Amino acid sequence: MKILVPVKRVADPDNANKVKVSDDGTKVTSDGLEWKMNPFDEWSLEAALRLTEDVSKKGMKGDDGKPLDRIGEVVLVSIGPKDAVQTIRQGLAMGAERGILVEAEDSSLDSHVVAQVLAAVAQKENPDIVFLGKQSADGDSNVAGTKLAEMLGWPLVNYATSIRTEPGSDTLTVTRALDGGVQTIEVKMPCVLTSTDRILHPESVKNGVTPEDHKYPESEGGRYASLKGIMAAKKKPLEETTLEALGVTPKRTEEYVKFALPPAREGKATVVESVDELVEKLHSEAKVL
Amino acid sequence: MSLFEPTDEHRQLREMVRAFAEREVEPQAAAHDRSESFNLDLFRQLGELGLLGITCGEQYGGSGMDAVAACIAHEELAAADPGFTLAYLAHSMLFVNNLYQNGDEDQRQRYLPKACRGEAIGGMCISEPGAGTDVLGMTTTARREGDHYVLNGAKMWITNGAISDTELGDVFLVYARMEGAARNELSMFIVEKGFEGFKLGQKIEDKLGMRASPTAELVFADCVVPAANRVGEEGSATLHMMRNLEIERLTLASMSLGIARRCVEIMNDYARERRSFGQPLNRYGQIQRHIAESYAQYMAGRAYAYAVAGRMKLDAPGQRLDTDGVKLFCSTMGKEVADRAIQVLGGYGYVGEYRVERLWRDAKLLEIGGGTVEAHQKNMTRDLSRLDRLR
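Residue numbers (my numbering), protein chains in the order written: chain L, 1 to 289; chain Z, 1001 to 1391.
What the hints contain is simulated information worked out from the structure, not anything from laboratory work. You may find that some hints are simply not true.
Taking lysine to aspartate or glutamate and the DMTMM-like style, the derived pairs with C-alpha atoms no more than 20 Å apart in a straight line are [as the list claims (entries may be wrong)]:
{"id": "1", "chain 1": "L", "residue 1": "K234", "chain 2": "Z", "residue 2": "D1008"}
{"id": "2", "chain 1": "L", "residue 1": "K61", "chain 2": "Z", "residue 2": "E1048"}
{"id": "3", "chain 1": "L", "residue 1": "K234", "chain 2": "Z", "residue 2": "E1058"}
{"id": "4", "chain 1": "L", "residue 1": "K18", "chain 2": "Z", "residue 2": "E1022"}
{"id": "5", "chain 1": "L", "residue 1": "K234", "chain 2": "Z", "residue 2": "D1066"}
{"id": "6", "chain 1": "L", "residue 1": "K18", "chain 2": "Z", "residue 2": "E1273"}
{"id": "7", "chain 1": "L", "residue 1": "K58", "chain 2": "L", "residue 2": "E73"}
{"id": "8", "chain 1": "L", "residue 1": "K82", "chain 2": "Z", "residue 2": "D1008"}
{"id": "9", "chain 1": "L", "residue 1": "K236", "chain 2": "Z", "residue 2": "E1058"}
{"id": "10", "chain 1": "L", "residue 1": "K36", "chain 2": "Z", "residue 2": "E1024"}
{"id": "11", "chain 1": "L", "residue 1": "K20", "chain 2": "Z", "residue 2": "E1273"}
{"id": "12", "chain 1": "L", "residue 1": "K215", "chain 2": "Z", "residue 2": "D1041"}
{"id": "13", "chain 1": "L", "residue 1": "K57", "chain 2": "Z", "residue 2": "E1058"}
{"id": "14", "chain 1": "L", "residue 1": "K188", "chain 2": "L", "residue 2": "E73"}
{"id": "15", "chain 1": "L", "residue 1": "K235", "chain 2": "Z", "residue 2": "D1008"}
{"id": "16", "chain 1": "L", "residue 1": "K36", "chain 2": "Z", "residue 2": "E1058"}
{"id": "17", "chain 1": "L", "residue 1": "K228", "chain 2": "Z", "residue 2": "E1119"}
{"id": "18", "chain 1": "L", "residue 1": "K58", "chain 2": "Z", "residue 2": "E1048"}
Note that the structure is a prediction, hence the values are computed from the model and not measured.
In isolation and in its complexed conformation, chain Z is listed as follows (with noise of 0.2 Å):
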């Protein structure tokens, strides 16, 4: 066993879903990826294989596993296809993790099932058209009437937000303020297509990469929510947020890994054909410094990353400062891995048959989506301010 795989359920996890990537994912990820579409299909798959609940607790039709598993499925599915794992860590990490550690009862039986099976797709909404990294500076809000609430707001680059050109994603966990509340109190609530109120604003079209999953802006028009669906206490999500952040950026630097280890198998496979100048490319010094290089800075994030997983708690907060870290550094690696992996293909690696160019696009969102290489380092050098030593 080893720090990737800690345990003999790990291993399994890896194979099993190493296994089912090669043999499903990977082949349906170009054709997904040019006709910016979302394989339904597919994604359902998960379910059945217990991947759709991984963390969420087996009473509710979850695998009950822990933060290592997480990474091991993102970084094994997106080495195949990252578009389509992003809108699996929508579903799997920003709703069905949420709302299994935030939820109450009624809640978690309401939705959890449904989500574990895939039967009901999920995501999450905090960026807004004028909010991003300034989290806080959102400006939806909610107003309790009687029994339910009033949502107002509009939500950007939701990944599930839609699964087709005109069809909403199912469900939601939507940060909203309730008006007249300070700025650091945020409330969540879980928005169900088919409320009033609740609309596809728009399916955005033609994004550079992550083109398997769907990304939507999705508006809230004087939207009704029962109030049985606020989660947690009023103002108090903000904590929620903070909490659910941390697995999510460690499974999208988990994507960002996966990215890194296909390009260092398709660079390193190529350079061994590939003969130039009556030797095999990886003879040459320009060419190892790019696989060399590359393999080394995959193996240093893959370290971090699991190490973090390793003493991750989901029910609690308190590793934002590696989280944060580790996504700052997979992120830009993975970007800089495919990079080179283009270039060590040459003309070859510019077209989609070679899949390098398609991980390069993929590559670059993870250092903008989940939070930008900005804010990490925003929040990783308040977080070090405050400390006078490293252990």
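Looking at chain L on its own, in the form it has when it is part of the complex (with noise of 0.2 Å):
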């Protein structure tokens, strides 16, 4: 099985109070914030190394020297300055097989032109799965996904919450959440997948080759490299492409006109004594009701 996993950098989201709005309102600036790796595609990073492995061979290595637990491919894709290796070489550490950087500035990009690169890339290495986080923690917009799976005719799930498929299996049973419920999904593959924080669950991911009884550990994000993950990740293929070079003319559909805080809250609080008053001013006064 082949998975391909864009994976995008952001300013800190554990900071994110101190993104500022630049004076004029033309851009939102994270100055003094370090680059980490979007949450949401950590997560489905995470389920793709899942998908990919037998965890029963963990650590053993065949006569060639590689390692036996590997029994997919993981490829990530990271669109922007060249400093984003570094968030492909976290991945290459966390133990995907290899990366592609398309250099482009993040200035000139949006969900449209991510998902006409992605398509392009995907096109040029026909994954059996192209697993992104559901949205990134900078931008929020929740598009890239569906517009990639549109453009490239492949079915798609959203906000998957486990993922089941056996060995040789052209399909996954995938389940997702909904507002009412949770839906079960069998969906053949090449398809585009996105994930929820629920897809770490210990026993989200069964591939059919990992033991069945086999849990991960409870975990807010993907897994850590390991120090010997960082060294071998020097050692893994990096690609390095353009837009001109994959075919792809961008076409922007958003323009951002303008940034601003959200106004200070005004944090006035009223004491109600009863039920039915809350109720009341529910209705006639914050007429949310």
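Hints are included, so try docking the two chains, each in its own frame, into the full complex.
Okay, structure coming up:
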């Protein structure tokens, strides 16, 4: 199985309160913040690694020196300036096989252009799955995955919470969380997936090879890169390409007009005496009922 | 790349350890401090990440990295939990690195892979109830009897000596003197839990700080050690000890750096948010002095430590003056920065929830353990007395 995982670098989302709007309102600045892999992408990368490994052979190597626990291929792709290779290296250190950097200025991109680029890479790489984060922690658009599926004409399952498959099968059984419950979908590959954090649950991914009763550790994010992984990542292939080389003519569909911070909250609190009074106020004053 | 991360691998190492420390280590620190207990499960996760054998060769399950990498790992872990990090240091530097540098092939094969995976918890024994800074005043003896040695004596303040109230750690490097040997001729032995005559004297309770690392007194009463477990020649271990003490001091100093960084972050955050007399605390000169001096001293210590780490060779001694110097400076710096953090936070700094009181208690140990500041002053002055000019 071959999985293409797009990874975006974002300003450290744990310090999102330090993001500022420039004085003229033309852009959002994140000066002084570290770049991190978009956490939503990290969840999908973790799921992709689980789909393509045999945990029972962890740490074992074949006669050719290749790790026996890897039974598929995960290819990372990032679109951004040269520095974005650091995000790809992190994913390689976590266990992905190789990386592709598509060089572009961050300011020249929107969800549509990202989907165009990913479609071109997918057509070149022919993966079984393109596995995206459902959104990025900076723009929070939640659009690129859906546009990509449309451009490729591939089936799409957004917000996956679990995935099950068998070796040699061309089908995935995916559950997704909806407001009203859980939906189970059988989807033929190639397909486009996005995930939620529930994909990190210890038993959310079953690939039919890793022992059925294996439980991954509880975690808020993807696996940590081990020191072995960090050293091995140095030797993994990393291809650099451009929009032109991929034959992409970028067609932006979004233009940002102006950025402004939300107005400061007033912080007014009203103490009510009874539930009846609360309902009345929610209806007549807050107008939310 | 920078002094603190000379290569891209060092940068990635720091990122990885910091993420692990923030997500996994920090949340458990207060509880293990309170209960004076060792988090064995978390410790074993360090093995999966390759940190337990960070400077050990890959052929024995290690990661084959250098002194700078060791500093990074200790600095980042200590920013979250110095007590836990001390147990890591005793295992990975005092046992794994020491045996990797000084052991023979058979000893490395027998002990290092398990230690790198965290299946065996290791430590090192130098101090005794009656001998600390006066290392060569140790009285533990060894004598040869046929195919084995017999050890007698007691060792004190042994980190990882016990992994619970009643259970010994798994394997130790023990320094002792052959009966009748000269004062400066020490020998080293690998002693395992289960060897006849090797006992837990007591788990040491009620420490001021570093409570998440277990400390014990270990007793050797006619303890029988196979001859194959003597490391190096009889009488040759004083050199092993000196060589390994250099990386010990450097990594202990790195722990002080981690403590200092965390304290600077906490006091900086607090002084921005907390208001007094109508404006944030950090508008006041008294508070500015605490924050700015702490940061400058932290960065000075950091520059000194990484400059020494960058030229350190793990298989050769030769950095005693500066490894002593780094620890002399950083240990007291860490304690003072933690003290200032408490002062900036006022009453909040004095309670556990704000973390700096724990870091302050932990920081104090680093002025004592792995060489008291007085020992560093003694060693350094002796080394300096042989120099006319500084290069």
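Here's how the hints hold up against the structure:
This hinted pair checks out: K234(L) and D1008(Z) have alpha carbons roughly 9 Å apart, not beyond 20 Å. Restraint check for K61(L) and E1048(Z): the C-alpha separation of about 16 Å stays at or below 20 Å, so the hint holds. Restraint check: the Cα-Cα separation between K234(L) and E1058(Z) comes to about 16 Å, which is no more than 20 Å; the hinted pair holds. Note on K18(L) and E1022(Z): the hinted pairing holds, with a Cα-Cα distance of about 19 Å set against a maximum of 20 Å.
Only pairs whose Cα atoms come within 20 Å are accepted, and K234(L) paired with D1066(Z) is accepted, the gap being roughly 17 Å. Annotation: proposed proximity of K18(L) to E1273(Z) holds, straight-line Cα distance about 13 Å (limit 20 Å). Proximity of K58(L) to E73(L) is assessed by CA-CA distance (about 16 Å); at most 20 Å being required, the pair is judged to hold. At roughly 14 Å between alpha-carbon atoms, K82(L) and D1008(Z) fall within 20 Å of each other, so this suggested pair holds.
Under the criterion of a C-alpha separation no larger than 20 Å, the hint pairing K236(L) with E1058(Z) is consistent with the structure, at around 19 Å. Taken as a hint, the K36(L) and E1024(Z) pair is honoured in the structure, with Cα atoms around 18 Å apart against an allowance of 20 Å. Of the supplied pair hints, the one linking K20(L) and E1273(Z) holds, its CA atoms being roughly 17 Å apart against a limit of 20 Å. Proximity of K215(L) to D1041(Z) is assessed by CA-CA distance (about 16 Å); at most 20 Å being required, the pair is judged to hold.
For the hint pairing K57(L) with E1058(Z), the CA-to-CA distance comes to about 19 Å; that is within 20 Å, so the pair holds. Distance restraint check for K188(L) and E73(L): the Cα-Cα separation of roughly 18 Å lies within the 20 Å cut-off, and the hinted pair is therefore satisfied. Distance check on the hinted pair: K235(L) and D1008(Z) sit about 13 Å apart at the alpha-carbon level, within 20 Å; holds. Of the supplied pair hints, the one linking K36(L) and E1058(Z) is violated, its CA atoms being roughly 29 Å apart against a limit of 20 Å.
Distance hint between K228(L) and E1119(Z) is fulfilled; the C-alpha atoms sit about 18 Å from each other, no more than 20 Å. Distance restraint check for K58(L) and E1048(Z): the Cα-Cα separation of roughly 11 Å lies within the 20 Å cut-off, and the hinted pair is therefore satisfied.
Consistency note: the structure conflicts with earlier hint 16 alone.
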